[in-house]
Amino acid sequence: MRARRTSGIVRPKGLRSTLMRALLFAVLGLFCLYYLVPLVVMVSTSLKTLAEIREGTLLSLPRAISFEAWAKAWDSACVGVRCDGLRPFMWNSIAMAVPAVLLSTALGAINGYALTKWRFPGADWIFALILFGAFIPFQVILLPMARTLGLLNLAGTVPGLILVHTVYGLAFTTLFFRNFFVGVSNGIVQAAQVDGAGFFGIFFRIVLPMSIPAIVVTVIWQFTQIWNDFLFGVAFTVGDSNPVTVALNNIVNTSTGVKEYNVDMAAAIIAALPTMLVYVVAGAYFVRGLSAGAVKG
Amino acid sequence: MASGISLRNVRKSFGATEVIKDIDLDIDPGEFVVLVGPSGCGKSTLLNLISGLETLTGGEVLIGGNRVNDVPPRDRDIAMVFQSYALYPTKTVHQNITFGLQTRRIPKDQQEEAVAEFSRLLQIDHLLHRKPGQLSGGQRQRVAMGRALVRKPAVFLFDEPLSNLDAKLRIEMRTEIKKLHQRLGKTVVYVTHDQIEAMTLASRIAVMDNGHIRQFGPPEEIYENPVDLFVAGFIGSPPMNMLPGRIRHGEGRVAVDVGEDLHFVLPSKLSEGLSVAEGHEVVLGLRPETIFAAGTELPGPDRFLFERPVEVVEPTGPDTMIVFEIGEVEVIARVRPEDARPPGTPFSFEADMSKAKLFDAKTGRAF
Amino acid sequence: MARSPISQFSPARWLERRLPVIVVSPLFALSLFFVYGFIAWTAYISFTPSGVMPVYDFQGLAQYERLWATPRWYVAIKNLFIFSSLFIAISMAIGILLAILLDQRVRAEGLIRTVYLYPMALSFIVTGTVWKWMLNPGLGLQRLMREAGFENFTFDWLVNSHYAIYTLVIAAVWQSSGYAMALFLAGLRSVDDEILKAAAVDGSSPWKTYTSIVLPILRPVFLSTVIILAHLAIKSFDLVVALTGGGPGYATDMPATFMYAFAFQRSELGVAAASATMMLMTIIAIIVPYLYSELRKTA
Numbered sequence: 001m002r003a004r005r006t007s008g009i010v011r012p013k014g015l016r017s018t019l020m021r022a023l024l025f026a027v028l029g030l031f032c033l034y035y036l037v038p039l040v041v042m043v044s045t046s047l048k049t050l051a052e053i054r055e056g057t058l059l060s061l062p063r064a065i066s067f068e069a070w071a072k073a074w075d076s077a078c079v080g081v082r083c084d085g086l087r088p089f090m091w092n093s094i095a096m097a098v099p100a101v102l103l104s105t106a107l108g109a110i111n112g113y114a115l116t117k118w119r120f121p122g123a124d125w126i127f128a129l130i131l132f133g134a135f136i137p138f139q140v141i142l143l144p145m146a147r148t149l150g151l152l153n154l155a156g157t158v159p160g161l162i163l164v165h166t167v168y169g170l171a172f173t174t175l176f177f178r179n180f181f182v183g184v185s186n187g188i189v190q191a192a193q194v195d196g197a198g199f200f201g202i203f204f205r206i207v208l209p210m211s212i213p214a215i216v217v218t219v220i221w222q223f224t225q226i227w228n229d230f231l232f233g234v235a236f237t238v239g240d241s242n243p244v245t246v247a248l249n250n251i252v253n254t255s256t257g258v259k260e261y262n263v264d265m266a267a268a269i270i271a272a273l274p275t276m277l278v279y280v281v282a283g284a285y286f287v288r289g290l291s292a293g294a295v296k297g
Numbered sequence: 001m002a003s004g005i006s007l008r009n010v011r012k013s014f015g016a017t018e019v020i021k022d023i024d025l026d027i028d029p030g031e032f033v034v035l036v037g038p039s040g041c042g043k044s045t046l047l048n049l050i051s052g053l054e055t056l057t058g059g060e061v062l063i064g065g066n067r068v069n070d071v072p073p074r075d076r077d078i079a080m081v082f083q084s085y086a087l088y089p090t091k092t093v094h095q096n097i098t099f100g101l102q103t104r105r106i107p108k109d110q111q112e113e114a115v116a117e118f119s120r121l122l123q124i125d126h127l128l129h130r131k132p133g134q135l136s137g138g139q140r141q142r143v144a145m146g147r148a149l150v151r152k153p154a155v156f157l158f159d160e161p162l163s164n165l166d167a168k169l170r171i172e173m174r175t176e177i178k179k180l181h182q183r184l185g186k187t188v189v190y191v192t193h194d195q196i197e198a199m200t201l202a203s204r205i206a207v208m209d210n211g212h213i214r215q216f217g218p219p220e221e222i223y224e225n226p227v228d229l230f231v232a233g234f235i236g237s238p239p240m241n242m243l244p245g246r247i248r249h250g251e252g253r254v255a256v257d258v259g260e261d262l263h264f265v266l267p268s269k270l271s272e273g274l275s276v277a278e279g280h281e282v283v284l285g286l287r288p289e290t291i292f293a294a295g296t297e298l299p300g301p302d303r304f305l306f307e308r309p310v311e312v313v314e315p316t317g318p319d320t321m322i323v324f325e326i327g328e329v330e331v332i333a334r335v336r337p338e339d340a341r342p343p344g345t346p347f348s349f350e351a352d353m354s355k356a357k358l359f360d361a362k363t364g365r366a367f
Numbered sequence: 001m002a003r004s005p006i007s008q009f010s011p012a013r014w015l016e017r018r019l020p021v022i023v024v025s026p027l028f029a030l031s032l033f034f035v036y037g038f039i040a041w042t043a044y045i046s047f048t049p050s051g052v053m054p055v056y057d058f059q060g061l062a063q064y065e066r067l068w069a070t071p072r073w074y075v076a077i078k079n080l081f082i083f084s085s086l087f088i089a090i091s092m093a094i095g096i097l098l099a100i101l102l103d104q105r106v107r108a109e110g111l112i113r114t115v116y117l118y119p120m121a122l123s124f125i126v127t128g129t130v131w132k133w134m135l136n137p138g139l140g141l142q143r144l145m146r147e148a149g150f151e152n153f154t155f156d157w158l159v160n161s162h163y164a165i166y167t168l169v170i171a172a173v174w175q176s177s178g179y180a181m182a183l184f185l186a187g188l189r190s191v192d193d194e195i196l197k198a199a200a201v202d203g204s205s206p207w208k209t210y211t212s213i214v215l216p217i218l219r220p221v222f223l224s225t226v227i228i229l230a231h232l233a234i235k236s237f238d239l240v241v242a243l244t245g246g247g248p249g250y251a252t253d254m255p256a257t258f259m260y261a262f263a264f265q266r267s268e269l270g271v272a273a274a275s276a277t278m279m280l281m282t283i284i285a286i287i288v289p290y291l292y293s294e295l296r297k298t299a
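Protein chains in written order, with the UniProt record's numbering: chain A, 1 to 297; chain B, 1 to 367; chain C, 1 to 299.
Don't read these hints as lab results, they were simulated from the structure.
Fair warning: this is a prediction, and the values are worked out from it, not measured in the lab.
Any given hint could be a false lead.
Result set (BS3-like, lysine-lysine): computed pairs, CA atoms no more than 30 angstroms apart in a straight line [stated by the list, open to error]: (1) C:Lys-208 <-> B:Lys-91; (2) B:Lys-131 <-> C:Lys-208; (3) B:Lys-21 <-> A:Lys-13; (4) B:Lys-91 <-> B:Lys-108; (5) C:Lys-235 <-> A:Lys-13; (6) A:Lys-13 <-> B:Lys-152; (7) B:Lys-362 <-> B:Lys-269; (8) B:Lys-179 <-> B:Lys-91; (9) C:Lys-78 <-> C:Lys-235; (10) B:Lys-168 <-> B:Lys-131; (11) B:Lys-152 <-> C:Lys-78; (12) B:Lys-168 <-> B:Lys-108; (13) B:Lys-21 <-> B:Lys-362; (14) B:Lys-131 <-> B:Lys-91; (15) B:Lys-108 <-> C:Lys-235.
Can you build the whole structure from these sequences, using the hints too?
Shown next as structure tokens:
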């Protein structure tokens, strides 16, 4: 986000403005704590032993750092009847997210390009109809989708989930690219046409190289959405093919044995790590995706 | 009611870049001063330092004799018209105009009176209930002016107020602004990059370049006696012809040899105090209107006749510009349309050397 | 005028001109089938006596009558109402406050923004997991306060069927208020600088500049933020599952979890389809007018 050019305005000096400034930072600091405390609690709990958790409180820091809970969450915690930890489910999530992100982004790019730069009669209607798909409550397609996946022999499989995420991600990716391409001058496309390039020539040689920021935003958005999805995962997969969010929920909500809060927290962090990493590395693009989600062009 | 403005050793840096470099300027009460210069010369920054929209890095600003360095804009008794007009989009024209009065808790009836007065003056009284989005560019401009005028401040600041208008409206509004100034007599500081606007409006012009004020004076002085090559080249359209050459002494007179066997003889008022050596490198400045078709003006002293082939002919209506070359330099002469000749024909020119300027080629300063 | 050879028919040129339509058509067909076809399919199921397996005999509105005679559905609707109104109101309030505060020339703005927004990168399952732990009456917040000297401090909302719904609000606000902040801050930053300068010259205090000039300009941002948050609220499923599991009992059921429970746990496909259709209707009522006005603006 750009900074203001009004920052140089002369302001009155004095006690009152100093106090207001102090108050400002106090409030901002308090909210920082509000957002950070759960993260701190999560990390510190994951590093404690069960005994220490029972003795101490939420905010007490671990006396001795123990990675046992992490190790257990990673490869020996029980998810249902299987006790291999989160590891196999992380692979499921990666195997699901990577192809689904690539497919939905590529299709959204070409869709957005065709709908904005080659406007044909009805293009606006087609876009509006596709866009609405981004907002439907997915409950309304669960039953037919389950049946269709069954007919396609994809029920309960990772490829089935890839199909689901690609199809329902298409609305968002088309929206992102359409908003981006609306801002690209039509003159560029016309100039390329005069130079003899065709539909695909212009797309691959001119438009796509210009779209790197839009591609990054879309990929990050899609990855976060797909990785964090729970509904499709729980509805369309069983046991071994569960994505990591479903597995995490199963670990946490298992009703057998002793409640191992440290393992729960370690598992939660592991499941959150990929999207957190993306956020830390490419936060600016993540924010752009969020605002693009507000439809505005 | 009008206040003078003084700038003393004013400096402004953004990070490591120094944008305003030690400027001193004294503006008299009621004066119309235009800050003019190419983009990036610091003119808008200087205006923002006067308004308090930017904080000084060094020096001081005085308005009406009071030091205002730490005074916020709202307490400086100024009003400003912005390039984008900066009208409040959700407020009606009426609310836009009265907003500054409301914040100062002026009684309602006085507000209404002021709105009535100035909306009539600016011919926007029929627009008072519209929103800015429903106005044309020219109307928005008038509303922005109304918002500034209604507060009756001591100083008006204009930041390129006409640059978003089309050519015709710009000339209309230019006249309007001049009329308003004559009528209200308030101090005005006006920023523009358009030297014609500067010439037509200003009581004094400050020509700025690269964070410095090159010259500060009345328009005629800036035009007739530019202190250096920059000012000479910036003011005037088409620009002054600049002929590089060497000084030649002989036969009791001084001439400038611009090559091609042309020796422009300097008038006595230029050559008399001149103490430069033979062969010194100079630039001879001749405005296009001082070069015309030979014999078409009343004869006078210090005329220089020469012949060159016509390169390009550019009619403008009242005059025709003839472009020709001396050495590598393109020169423009302003002739009567009926004197124009087609390209390629030899043409006899007459230069009024009494209007010629002479600059040192090394320092760029005028002699 | 004589016809130039250029204007004569050629299959390659015809193909080239149709290419955009040819490319969009299959994707559009996909969308038609998987979105609109499935919606129709679900709507049809809701008019059949489907139970464990879908059957396709039309029987009218019977499933809707059953749905609206189910007490659990009323709990879900009431919860959705409580949850979404609180969630939207609190997130908006925090979002506006933080956006305005961050707009005051704060040096560490980038860092603070990163902190406010990171929960948005988390899955609702992770959010639910950590808040479930923090609100756990045995070892969580209640214990912390008691150890700190407040012996009688009680915070058992998570297991209290009257208050459990508010724990969902707490967790959801924590996750999404930063998002509202980001949308408002982007809105604030899009306001023309010269307008703010004009307000400063006009003598407006910072407070008045926000209330009387900037926030009115941001009205469209308010609208889109409410819509987005409402949309998040109606779809909320993961958070409920992870934090309360819909419990205690079905005290924190929402339409999304209700539908899932009836479809996949209680095998009442007809009722599930009817409830899904009701959800869709709600979303349509909110989203369609919004999309219509947005698209008209950009078109």
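Hint check results:
1. C:Lys-208 <-> B:Lys-91: holds (14 angstroms)
2. B:Lys-131 <-> C:Lys-208: holds (20 angstroms)
3. B:Lys-21 <-> A:Lys-13: Judged against 30 angstroms, a Cα distance of about 26 angstroms means the pair holds.
4. B:Lys-91 <-> B:Lys-108: Roughly 17 angstroms separates the two Cα atoms, so the pair holds.
5. C:Lys-235 <-> A:Lys-13: At roughly 49 angstroms apart (the allowed maximum being 30 angstroms), A:Lys-13 and C:Lys-235 break the hint.
6. A:Lys-13 <-> B:Lys-152: Roughly 27 angstroms between the alpha carbons, so the hint for A:Lys-13 and B:Lys-152 holds.
7. B:Lys-362 <-> B:Lys-269: This hinted pair holds, its Cα atoms lying about 22 angstroms apart.
8. B:Lys-179 <-> B:Lys-91: holds (28 angstroms)
9. C:Lys-78 <-> C:Lys-235: Roughly 15 angstroms separates the two Cα atoms, so the pair holds.
10. B:Lys-168 <-> B:Lys-131: holds (24 angstroms)
11. B:Lys-152 <-> C:Lys-78: Outside the cut-off at roughly 59 angstroms; violated.
12. B:Lys-168 <-> B:Lys-108: violated (37 angstroms)
13. B:Lys-21 <-> B:Lys-362: OK: B:Lys-21 and B:Lys-362 at ~23 angstroms, within 30 angstroms.
14. B:Lys-131 <-> B:Lys-91: Holds: B:Lys-131 and B:Lys-91 sit about 6 angstroms apart, inside 30 angstroms.
15. B:Lys-108 <-> C:Lys-235: violated (51 angstroms)
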